[in-house]
Amino acid sequence: MIREQNTMNMHLPAIAISLALVLGGCSSTLDHQLQSNDRAYEVSWSSDPAPIPVNEFFTMDVEVRRDGTLLASGDLVVDAAMPHHNHGMNHIPHIERTGTGRWHVQDMLFHMPGDWELYFDIKQDGVVHRAQESIEVD
Amino acid sequence: MPRPHLLPMLLTMSMLATIAAAQAPALLDRYEWDYGNLHAPVAVQWLSDDRFVIVESAPVGIRIFDWPSCSTPIKIDCLEPAGLDAGPDETCYLVDSGRHQVMHIASDGSTLSTIGSHGDGLDQFRAPADVAVHEDRLYVADTGNDRIVVLDTDGSPVRTIGTRGTGPGQFRRPLAIDIDASNRIVVADADNHRIQVLSLEGEPITAWGSWGSFPGLLQEPSDVLCLEDRILVTDRLNHRVQEFAMDGTLLHAWGMHAVKPREGQGRVHYPDALAISPDGRTLAVVESFEDRVQLFGPHDPDYVDERPTQPARSGIQSHFGPTVVLDDRIMMVWEPEARAALVFDHQRSTPIRLTSIFSRGDGPGGFGHLADLHWDHEANQLHLFDRGTAQVHAYELDLPDPDQPRFDPSMAKLQTSRTLDASIPMHRIVDAERSVSGNWFLLDGTDGVIHVLNANMEPVDRWGTDLLGHPTAITIDPTTGHLLVLDRDPSTLHQLDTNGSSVATIRLEGIPGGLVQPTGLAVAGSGDILLTDAGTHAVHRLGSDGTHLASWGTKGILHEQFWKPAGIVVDDQDRVIVLDHGNHRCQMFDLDGTWLMTFGAGRAYTPSNRPPLDSDDP
Amino acid sequence: MLALCCMSAVLGFADEPAVVFTPRQQRRILQHSPVPAVPDDPTNDWDRDPAAAHLGQALFFDAGFSRNGQVSCATCHGPMIAWTDAQPLATGLETGTRHSPSLLNVAHQRWFFWDGRADTLWSQAMHPIEHPGEFDASRIEYVRRIHSDAAYREAYESLFGPLPPMDDEQRFPRDARSDSPAWAAMAETDRDQVNRAFANCSKSVAAYESRLRSVESPFDVFVEGLRQDDETKLAALTASEQRGLQLFVDEAGCRQCHSGPLFSDFEFHNIGIPTGHGGAPRDPGRFDGLAHVQRSPFSAHGPYSDDPDGARARRTASIVQGQEHWGSFKTPTLRNIERTAPYMHQGQFDRLEDVLAFYNTLEDMQLQDHHQEMVLKPLELTDAQLADLAAFLRSLTSPLPPKSLMGPVDPRTGKPPSEPIEGP
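Chains as they are written, first to last, in the numbering used here: chain E, 1 to 138; chain W, 139 to 756; chain P, 757 to 1180.
What the hints contain is simulated information worked out from the structure, not anything from laboratory work.
Accuracy of the hints is not assured; some may be wrong.
In the PhoX-like style, the derived pairs of lysine-lysine whose C-alpha atoms are separated by at most 25 Å in a straight line are [to be verified]:
#1 1159(P) to 1171(P)
#2 398(W) to 213(W)
#3 693(W) to 213(W)
#4 551(W) to 123(E)
#5 398(W) to 1159(P)
Now the stretches of chain E that chain P is said to cover, found in silico as 3 or more residues with beta-carbon under 8 Å [as the list claims (entries may be wrong)]:
#6 52–59
#7 102–116
In this text the structure is predicted, and so the values were computed from the model without any measurement.
Using N, Cα and C, we set each Cβ at its ideal position, and we do this for glycine too.
Bound-form chain E, shown alone (with noise of 0.2 Å):
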């Protein structure tokens, strides 16, 4: 597999957010940084391999935080999806908690080039809150 031909977008206002999470002093190494749409959460994540190959499984690890504080309660669901295409993955990713606010996840696979969105619901107290980026394989 040619890994490293492949390319992975990052929005614009992902890197932004990036920068404002590091300058804000976030500690994730991990490669990703987002919010969650509703601005409650900060999400960091990578993947490996990366960047995100065509139809080859990966894995992810994943923090969450709430005001620069890892979660020590929650649950997270990770999820992805081709909106042009009408369909999400065939899979159900396997998701492990690997310490406060953070998660490993297994089993995620996108298996056409194109425009996916990787989805992260952070569920607290019954309410479930979603951070997204769109990535790009090719």
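We have chain E already, so just place chains W and P on it with the hints.
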């Protein structure tokens, strides 16, 4: 023609139904006849091979069809009729969903007694939808309580079966019930999009179906009919009948409405109920939406339907479901068939679809069956109130430059999906509104209650138990800030202040032609009130005190005509937009009812751009 | 590699305009070659075992396991026609409802059958044995035959240990098909022994099938040339084939599904293709396939898997079933496509050109209903472009596997049955 007495008919009905089950031929899909121009029929039962009774809902009544004639409507004391079944003695059982009871009707059509009352006790119901009579017991699809209630025919409670949920033996909006030849309860579990089979004691045996349009999948099944060797299902949003073996194996799927409404002649549109003739050779399919009952006979292998079966390929065909919201730029509707919220830019002569918001299933953001949408332009928040999954979803929209509107499936971003406090019966909410102060008002159409939530959607109050009968819509009068609630029983508008105190009660009595099925409600900037009536296919404008000012619309498919109009909104230019649900389009008028525009997905017509009368539109 | 990404490759021909590949197109082209080594199957401890492959090859060509003694795996997967049968629909004891796919490079697949109802190559091989329209046999008679045949028994027991005592007909009744009361009445441990032996035989068949590689095509030479900037190797594709390749990785969008070195994403799609029988689609495809694989005892997470807690098992347990899977079928590999006509899951199209014509116009496409959003758009290519695409697809033809894999062998040696067995 003398008015037939129900007594002998009903006696015959139960006996003949048993015979029919044994004699039904393999497949009854050949169109034979239809009865159109009915008044929203909801149920049918055969009396003999040539005679059957149809229950109508708008206005309520019973008609006896005695080939080739039909009786005048027989009035019955029923608010909202639903399922019908014949008992073993000289009586009939008819569900009155509006009054939460099963009516026990004598041979002259009068009410002998009623069984059940409003509530969730052992012998109570919430908006029940169907009843099956079996060996001196009644099996009631207690839809609003998401359970089956079993009673003796004298009304004594025996047991209740199931709770709300998605697991075996659980239900989400059970709409229909029948007992099969093996003494099993068969339930159309509508919001779980499946058929569930249980023992008479309530033990789950099997279930089949999941959401979808392909053969064997289901979208909101509305009725089940058990024959000797198979189970027929009206697959309502897929516009077809599906036949399953007793283990759920698909045998046939037929009757699909393919291209546009009104097709008929063997193609069904939103089928609601089924019945089979005593000789087992004729099947009746009730289509309330089409005001029609179609009859089908034994399959004809040589018959070929020459009409097109493949839909247009220009992408999704919007059905313009019953709910609409808008601001000065965008309009949003709920599309039940696709389980999607569609967002249009309506600033140009032809509205442009900007995005479709869908996420099916019960996961985060997953839609089931939306009750209402609410758009807050300032906050850039779209709230979707989902009865099916009992959640409230909030989306933000990344709208394109107004000068360059374009379709983008990624435009909507889910912010939150919220499961409300357990005291809020989200699955019974029919409409939602938000005050300027940020409080939410959720209307429970079954219990007649308004639930008040704060801006964080936490419950703070509940109103209206004594005031409201059968409310269908709630809105806020922008001129006074008062809440306005449309009630069907009786036809009334309640004005409430934001503390829940009654300001005025307006009886809707002076409307020409009367109100039959008031559905949509809106208030113009002037304070004028606008109503749609799906029963008379009309729009009415009233003054803020209820004085009748204008009415327009008749039943039909031409511009300025309606077919079961539903949602209605008024924009800041006092243009009235009506969801012409049955014609799968929107129509726009001024406040006096002058037609301005008709539009659907990718097309629009105005007085200077009318389509020819023989056009395929709508 | 970096250099390739920073420039456009201009490939000239004496009498035709040069084909210019953009850096993006080159990057995509490189993803399609070379084909990596056959992946390890952790659910099958014998997938690399040569002795198991010998036993598997003998089983593959042996028609004696079918009810009428005339159907073997090779009936539908004939080595002389690229391990397929050149028929629209597979025919064992009866004619089935789907086309026989080629077994060339089959070990690279993620799912097996058109609907993916098997998640390992070895569990795939079990299905036809008991299918009424294919072998119409039973696993108990299958294992009994292994037990009663000296060569098979020796080969089997040297690999997997003792076979169950199949001559004890009290414990292992004759004709106890797995759906029969006789099978249900057997002791659970005995059923388990039969299942295990049946699975072991299938793992041997999988070991054989893993050897059916065919991966060195003119296209692969061309890609090597692209990597090495070697003009001689670049000449492996004609100008027309190169233009077809360019369409393939770009304008025509073929790689949306036909991705990677095997030109398949190994996943499932519904392209609305007209049915072979002319009516509306009735085959649920993947929708039923994934329900089957999740409940099968022979899946990667079942008791007969050699890695029941591994990633393969976990992924089978976590597949999603939904409306989008109804009527979807696995993307076939395009390698050796020239040899594997007719095409599509019901063999609907006789020629490669017919397949391209469908994608070009979507004529007679089957939409389920007016609620369905259409994603696929007609390609609307010119005749010349279609000819280029077809030419490129024909450049994916590779030499067939060695002749030693093309016929029956002695299960103990892997040599032709006629050759004497050497003594110890």
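query = Holds or violated: are the alpha carbons of residue 398(W) and residue 1159(P) at most 25 Å from each other?
reply = Not satisfied, since the Cα-Cα distance of roughly 60 Å exceeds 25 Å.
query = Going straight from one Cα to the other, do residue 398(W) and residue 213(W) come out at no more than 25 Å?
reply = 34 Å, violated
inquiry  = Against the 25 Å threshold, does the CA-CA distance of residue 551(W) and residue 123(E) hold or violate the hint?
reply    = 16 Å, holds
message = Please verify whether residue 1159(P) and residue 1171(P) have alpha carbons no more than 25 Å apart.
response = Since the Cα atoms of residue 1159(P) and residue 1171(P) sit roughly 11 Å apart, the hinted pair holds (cutoff 25 Å).
Outcome, coverage hint (the stretch 102–116 of chain E, chain P; C-beta under 8 Å; three residues) = holds (count 6)
ask   = Within a Cα-Cα threshold of 25 Å, do residue 693(W) and residue 213(W) meet the stated pairing?
value = Distance of about 23 Å is within 25 Å: holds.
message = Please check whether the stretch 52–59 of chain E has three or more residues whose CB lies within less than 8 Å of a CB on chain P.
response = n = 3 at 8 Å, threshold three: holds.
In this structure, the hints that do not hold are numbers 2 and 5, in rising order.
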